[in-house]
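Protein chains in written order, with the UniProt record's numbering: chain P, 1 to 380; chain H, 1 to 425.
Since the hints were made in silico from the structure, they are not lab data.
The model shown is predicted, which means the values in this text are computed figures rather than measured ones.
Misleading hints may appear alongside valid ones.
Claimed, not checked - A few chain P residues facing chain H, derived, Cβ under 8 Å:
#, residue
1, Asp-191
2, Ser-256
3, Leu-266
Don't be surprised by glycine CBs; every beta carbon is placed ideally from N, CA and C.
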Amino acid sequence: MPRLTPSFLRRAEKINPLLPLLLRACRDLRSAQNELRWLTEYARGCNSGAHPRWKPLLLDLCKHRSQGVPLQYLLGSEYFGELEIRCGPGVLIPRQETASSVSYLASRLRQGDFGDLNLNRLRVIDVCTGTGCIPLLLHRLLSRCCHDSSSLRLLGVDVSPIALHYATLNRQLLLDSLLDESRTMAPLRLDGIISSLLSMSFIQADVLPSSVQSQRSTIPQLLPALRHLGEPSWDVLISNPPYISSRAFATTTSRSVRKFEPRVALVPSTTNTCFRSKPELREYLHHVNQGVAKLEEGDLFYPRLLDLADEMSVKVCLFEVADLSQASRVSLLIRSREKWKSVEMWRDEPTLPPDGDGQEPKGSFRVLGRGCGRSVVCWR
Amino acid sequence: MFGAPWVCRRCLFCATGLMRRRNLRFQSTAASDEIVSPALLGRARSVSAEHSRLTQELAESFNTKTARRIGEISSVANAFADWEKATDSLTELHSLLADPTTDAELRSLASSDVDSAQTALRAAGSALTTALVPAHPFASLPCLIEVRPAAGGSEAALFAGELVRMYMALSNRLGWPAALLSVTHADVSTTGGGGSDDAAGALAEAVLEIKRAGAYDALRGEAGVHRVQRVPATEKNGRVHTSTATVMVLPSFPEHGTGNDEVNFEDPNSDYYVDPREVRVDIMRARGAGGQHVNTTDSAVRLTHEPTGIVVSMQDARSQHRNREKAWHILRGRLAAARREAREEEALRLRRSVVGVAKTGRNDKVRTYNYGQRRVTDHRSGFTVHDLDGVIEGGEALQRVMESVKAWLMDQEIKAMVSEEEAKK
Ligand SMILES: C[S@@+](CC[C@H](N)C(=O)[O-])C[C@H]1O[C@@H](n2cnc3c(N)ncnc32)[C@H](O)[C@@H]1O
Numbered sequence: 001m002p003r004l005t006p007s008f009l010r011r012a013e014k015i016n017p018l019l020p021l022l023l024r025a026c027r028d029l030r031s032a033q034n035e036l037r038w039l040t041e042y043a044r045g046c047n048s049g050a051h052p053r054w055k056p057l058l059l060d061l062c063k064h065r066s067q068g069v070p071l072q073y074l075l076g077s078e079y080f081g082e083l084e085i086r087c088g089p090g091v092l093i094p095r096q097e098t099a100s101s102v103s104y105l106a107s108r109l110r111q112g113d114f115g116d117l118n119l120n121r122l123r124v125i126d127v128c129t130g131t132g133c134i135p136l137l138l139h140r141l142l143s144r145c146c147h148d149s150s151s152l153r154l155l156g157v158d159v160s161p162i163a164l165h166y167a168t169l170n171r172q173l174l175l176d177s178l179l180d181e182s183r184t185m186a187p188l189r190l191d192g193i194i195s196s197l198l199s200m201s202f203i204q205a206d207v208l209p210s211s212v213q214s215q216r217s218t219i220p221q222l223l224p225a226l227r228h229l230g231e232p233s234w235d236v237l238i239s240n241p242p243y244i245s246s247r248a249f250a251t252t253t254s255r256s257v258r259k260f261e262p263r264v265a266l267v268p269s270t271t272n273t274c275f276r277s278k279p280e281l282r283e284y285l286h287h288v289n290q291g292v293a294k295l296e297e298g299d300l301f302y303p304r305l306l307d308l309a310d311e312m313s314v315k316v317c318l319f320e321v322a323d324l325s326q327a328s329r330v331s332l333l334i335r336s337r338e339k340w341k342s343v344e345m346w347r348d349e350p351t352l353p354p355d356g357d358g359q360e361p362k363g364s365f366r367v368l369g370r371g372c373g374r375s376v377v378c379w380r
Numbered sequence: 001m002f003g004a005p006w007v008c009r010r011c012l013f014c015a016t017g018l019m020r021r022r023n024l025r026f027q028s029t030a031a032s033d034e035i036v037s038p039a040l041l042g043r044a045r046s047v048s049a050e051h052s053r054l055t056q057e058l059a060e061s062f063n064t065k066t067a068r069r070i071g072e073i074s075s076v077a078n079a080f081a082d083w084e085k086a087t088d089s090l091t092e093l094h095s096l097l098a099d100p101t102t103d104a105e106l107r108s109l110a111s112s113d114v115d116s117a118q119t120a121l122r123a124a125g126s127a128l129t130t131a132l133v134p135a136h137p138f139a140s141l142p143c144l145i146e147v148r149p150a151a152g153g154s155e156a157a158l159f160a161g162e163l164v165r166m167y168m169a170l171s172n173r174l175g176w177p178a179a180l181l182s183v184t185h186a187d188v189s190t191t192g193g194g195g196s197d198d199a200a201g202a203l204a205e206a207v208l209e210i211k212r213a214g215a216y217d218a219l220r221g222e223a224g225v226h227r228v229q230r231v232p233a234t235e236k237n238g239r240v241h242t243s244t245a246t247v248m249v250l251p252s253f254p255e256h257g258t259g260n261d262e263v264n265f266e267d268p269n270s271d272y273y274v275d276p277r278e279v280r281v282d283i284m285r286a287r288g289a290g291g292q293h294v295n296t297t298d299s300a301v302r303l304t305h306e307p308t309g310i311v312v313s314m315q316d317a318r319s320q321h322r323n324r325e326k327a328w329h330i331l332r333g334r335l336a337a338a339r340r341e342a343r344e345e346e347a348l349r350l351r352r353s354v355v356g357v358a359k360t361g362r363n364d365k366v367r368t369y370n371y372g373q374r375r376v377t378d379h380r381s382g383f384t385v386h387d388l389d390g391v392i393e394g395g396e397a398l399q400r401v402m403e404s405v406k407a408w409l410m411d412q413e414i415k416a417m418v419s420e421e422e423a424k425k
């Protein structure tokens, strides 16, 4: 990271006295100026009317930002594809790379690349849904191209009550804006879109097996919960699970993420899961991969997700991963299970041509796009 | 100095129906009845001569080629015939009034007819001009105005900001919806309060969108280099500085194929099509590992059109998706304008030998804002107003300058047409 020299800070201060505060979080002038503009717009909009005291509010926001509080938490939302998604402390901020993978998944689904799936009545489950951003974006992208999307079914699952709160809120806000739109647009076209959004739901469930008595014993397991719903089978399984190892959390994860975003969303560590101790966790990993893929601590969710995919007779899976090494481990794991016809790895921007500076994966897998290794996709 | 002493054809703002016609005198030549440019009249005369010759030919022996040509030019020939008729009847009325032997009753009848005859002539004149001068292909579109400082350092950056606010004020006054698509502030410390969202202070670049059908036609004459002469606020010795800013006017295409058949940019055969494979997209990526490891707010998108090297960067919105849309919007405008310009350049090259046809390139100095003399002079039309504040505030004075340019542009187009016709012979 570039050091902030006193002369650089003075220069920034001359442009605007608030910029040095923001530079502590952004590190470069261009982003700091952008953030200042967005914060100013927000502060001005917040108390328009009776109390035009936006300046103290702005100063306060900038001070928080200089401590590393994510801008998205201060402004209460993040953009995800064409959607604005509400978020706040306690829930993971949606990432742009995730939106790129989901958009690309939608376009491949539309092209029919994953075998014959009926898009009009597609059933999609998003495990570890957080703000619900994935099913909401996928709904937007799929429902507008279907003739009649009223039978499109999407379900989000998360263990965290805060996540469920945001997911439900985001679905409601989207619904409100669609209802607004339907007043001006041809209502017939929106009917299907609205009814599939109405049928989208979010449930609380634990994805990991409860091999050990955990404190979360009151939270149901995913499969029983689905059986209870009467919906045991799904076509597409998407998941952006916690995938950071405790070592990477201490070293490569940025300070703002570490300090302010929920650890349970990031690190599949022992505190997060049913495993009481590291040896127990290692035991489990050894057991699932039988030495083929050499799984690591950060990979904990993937074998479990693949088991669930089998149980739910899922036909297409999309998993987000940390990098190309994790992508390789997950792909090898998928291949070793011999139930999947094809596996692909996608980088940050799957639709852009490669720019040559990415690493190459192990084990002859097809890799698409530009940037870091970001997801693994498999289908039967 | 420029062109023939000529006429207020129905002015530019009337075309969009926004301004009541005022009795505007331009270079104080025309009296109340309107005259059509001599160049245009000459052209109309030769077309209608061709029309009657061909009609004669066709009567003798049928020929599809001749018939087609007649079809092409008949609207001009008809408009010219109407115009001649209107001119004749006005002349007749005038000579009746001038003749001392005309009896009183006839005289009063004639004088009551003069007004309507003049109106008819005006209408015929404008119909003739419209028939002759093909509308600019982007005429009906909304537009984007890009302003950048050129020579003169921070003074130029301040002036660029003033120009943007001038166009915003003009749009505001006319009730045209205008929005800043992107603003980049100059990194200068002399301006104080910068860093906020509007076009206040010193600019590095701004793109203003005027979302009004026909705005392109109304504003295309603004393209070029604008020059300011004044003593900058920071100048201690009271010396006058000269600085410049560049204005570009681009067509603004509807963002989605909104049933506007004229411009379909999704059709590869259309002139407005941009092949996505020729555009390199760069997205500001998070440093390091990305994904869950960082929560960057960077949403910048950069598009590079590889065949032309045109680059558009956009970072104003928090939404990367929105920045991408805006960048495509601007890229489409720039490419269409560049293609159009290339074609005009080619046409100009073909008639290089012909004198008197000037071109308005983006690099030509078009206008001077002189603060010492409180005047604004447009170098193309030669028109000067002594109401600098009125211009800078986007007032009627600015509209008057723009009308003079519009008339000059029309004159140029006619001359170009005539010379092209001549070159063919
Ligand atoms: C990386 S976040 C992903 C959020 C969202 N899908 C996104 O892409 O922005 C992981 C989510 O998994 C949830 N989670 C963690 N452990 C879980 C478990 N055992 N069962 C179900 N969800 C869990 C967390 O609450 C968190 O919301």
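Each hint tested on the structure:
{"no.": "1", "hint": "Asp-191", "in the structure": "21 Å, violated"}
{"no.": "2", "hint": "Ser-256", "in the structure": "6 Å, holds"}
{"no.": "3", "hint": "Leu-266", "in the structure": "5 Å, holds"}
In terms of the numbered hints stated before, the structure departs from hint 1 and from no other.
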